[in-house]
Structure formats: C-alpha cells, structure tokens
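Asks: Sequence:
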Amino acid sequence: MAKSKLQKKDDASVNGHLPADENRDGTLSPVSPAPKDNGDEKLSPFLRKQKTRLLQLRDTLLDSMMGVSRDTLRARAEGSEASAFGMHQADAGSDAYDRDFALSLLSQEQDALYEIEEALKRVDAGTYGVCEMSGKPIPHARLEAIPFARFTVECQAQIEKQRKATRVRQPVTSLFGLTDEEGGEGDEEESQPDNKE
Numbered sequence: 003m004a005k006s007k008l009q010k011k012d013d014a015s016v017n018g019h020l021p022a023d024e025n026r027d028g029t030l031s032p033v034s035p036a037p038k039d040n041g042d043e044k045l046s047p048f049l050r051k052q053k054t055r056l057l058q059l060r061d062t063l064l065d066s067m068m069g070v071s072r073d074t075l076r077a078r079a080e081g082s083e084a085s086a087f088g089m090h091q092a093d094a095g096s097d098a099y100d101r102d103f104a105l106s107l108l109s110q111e112q113d114a115l116y117e118i119e120e121a122l123k124r125v126d127a128g129t130y131g132v133c134e135m136s137g138k139p140i141p142h143a144r145l146e147a148i149p150f151a152r153f154t155v156e157c158q159a160q161i162e163k164q165r166k167a168t169r170v171r172q173p174v175t176s177l178f179g180l181t182d183e184e185g186g187e188g189d190e191e192e193s194q195p196d197n198k199e
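To convert, take the position in the sequence shown, counting from 1, and add 2; that gives the numbering used here.
To be clear, the hints were calculated from the coordinates, so they are not data collected in a lab.
As the structure is a computational prediction, the values presented were derived from the model and not from experiment.
Hints may contain errors.
Stated by the list, open to error - For each label pair, taking beta carbons as the anchor points, the in silico distance ranges come out as:
hint : residue 1 : residue 2 : range
1    : ARG55     : LEU105    : 26 to 36 Å
2    : ARG165    : THR129    : 40 to 50 Å
3    : VAL132    : ASP102    : 31 to 41 Å
4    : PRO139    : ASP73     : 37 to 47 Å
5    : GLU117    : ALA143    : 12 to 22 Å
Ideal Cβ positions, reconstructed from N, Cα and C, are used throughout, including at glycine.
Work out the full structure, taking the sequences as your base and the hints as a guide.
Replies: Printed below as a string of structure tokens:
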C-alpha cells in the first residue's frame with residue numbers, strides 16, 4: 003500500500019532526517035537533520051536571541067548562495083547557447099567578469115557560513131561569547147554587532163596586525179608569463195631605486 007506524503011515525512015523524521023523537498027524547478031533540496039531538543043530552554047535570553055539571529059543569518063546566506071549559484075549557472079547556460087551564434091568579445095569579457103565576481107561572492111559567503119556554523123557549535127558547547135585567544139568574555143555589544151565573533155576587539159586587532167606583518171607580496175604574473183622579479187630587458191633599471199642625492 004502506498005504511503006501518503008505525511009506518513010513518509012513522519013517515517014523520515016523518526017530516522018533523524020527530514021525528507022528532501024522538491025523545489026519549483028523539480029530539483030531536490032538537501033536533506034536536513036531533524037530538529038533536536040538541544041536544551042534551548044537552558045540558554046539565557048541573550049544566548050537564545052543570538053542563536054536565533056545566527057540561524058536566521060545562516061538561512062539568509064544559504065538562500066543568497068543558492069540564488070547566486072542558480073543565476074551563475076543560468077548565465078553560463080545562456081552564454082553557451084549564444085556562443086553557437088557568435089558572441090561579441092566585449093560581451094564574453096563581461097560574462098567572465100560577472101562569473102568571477104559571483105564566484106568570489108560565493109567564496110566570501112561560504113567563509114561567513116563556516117563562521118556562523120562554528121558559532122552555533124559554540125552556543126551548544128557553552129563556549130559562545132568567550133574569546134578563543136584570551137579566554138575573556140566578549141562584550142555583548144560586539145556579539146550583537148557580529149554574532150559570530152570569536153575574539154575580543156583587542157585580540158582581533160592583534161591577530162590582524164600579525165596577519166598584516168606576515169603578509170608577503172606575491173609576484174605578479176604579466177601577460178607574457180614572466181613575474182615582475184624575472185623581468186625582461188630594461189626592467190632591472192626600473193626596479194632599482196635611484197641613489198642620487
């Protein structure tokens with residue numbers, strides 16, 4: 003006997019996962035774990051509020067990432083159709099720029115998503131709001147501004163200062179495959195500082 007959608011959903015949630023939902027375009031969305039009672043009632047009102055904000059941020063980011071991915075794939079598919087008829091060079095360059103920009107945006111959103119997931123783990127572990135470097139409490143004002151903050155302002159400034167000091171400039175590759183260190187004829191004269199006083 004065939005099961006109704008409701009019965010299937012109940013059976014799947016018993017196994018610890020919700021069933022995949024079908025999207026408007028016929029694709030399936032990822033299976034997500036069934037909600038668990040992880041002691042939210044034991045959290046302070048501030049932590050409960052922060053957890054809710056983190057979950058909302060995560061959902062917003064996931065929606066944004068799905069939209070950018072879908073738009074990028076759609077543009078790529080439309081671009082491949084247009085290439086059969088020939089595409090103007092400027093249009094191809096613009097499409098490549100848009101695609102690179104979208105991929106860069108996805109990468110940044112993926113980094114933010116990682117930080118949000120880690121913050122949610124810290125809420126569940128009871129370490130949310132504690133600086134990972136100094137062990138001092140992170141002020142509520144900072145956590146309200148940046149809900150996934152891992153460090154106090156002072157420790158974050160110290161980390162950024164160290165990162166800036168250790169950052170090494172990577173050699174730039176020119177159009178001809180040479181780095182600015184290898185250079186061509188006459189490049190050495192330009193790269194040497196003038197010692198005329």
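Asks: For each hint given before, does the structure comply? Return the numbers of the non-compliant ones in rising order.
Replies: Hint 2 alone not satisfied by this model.
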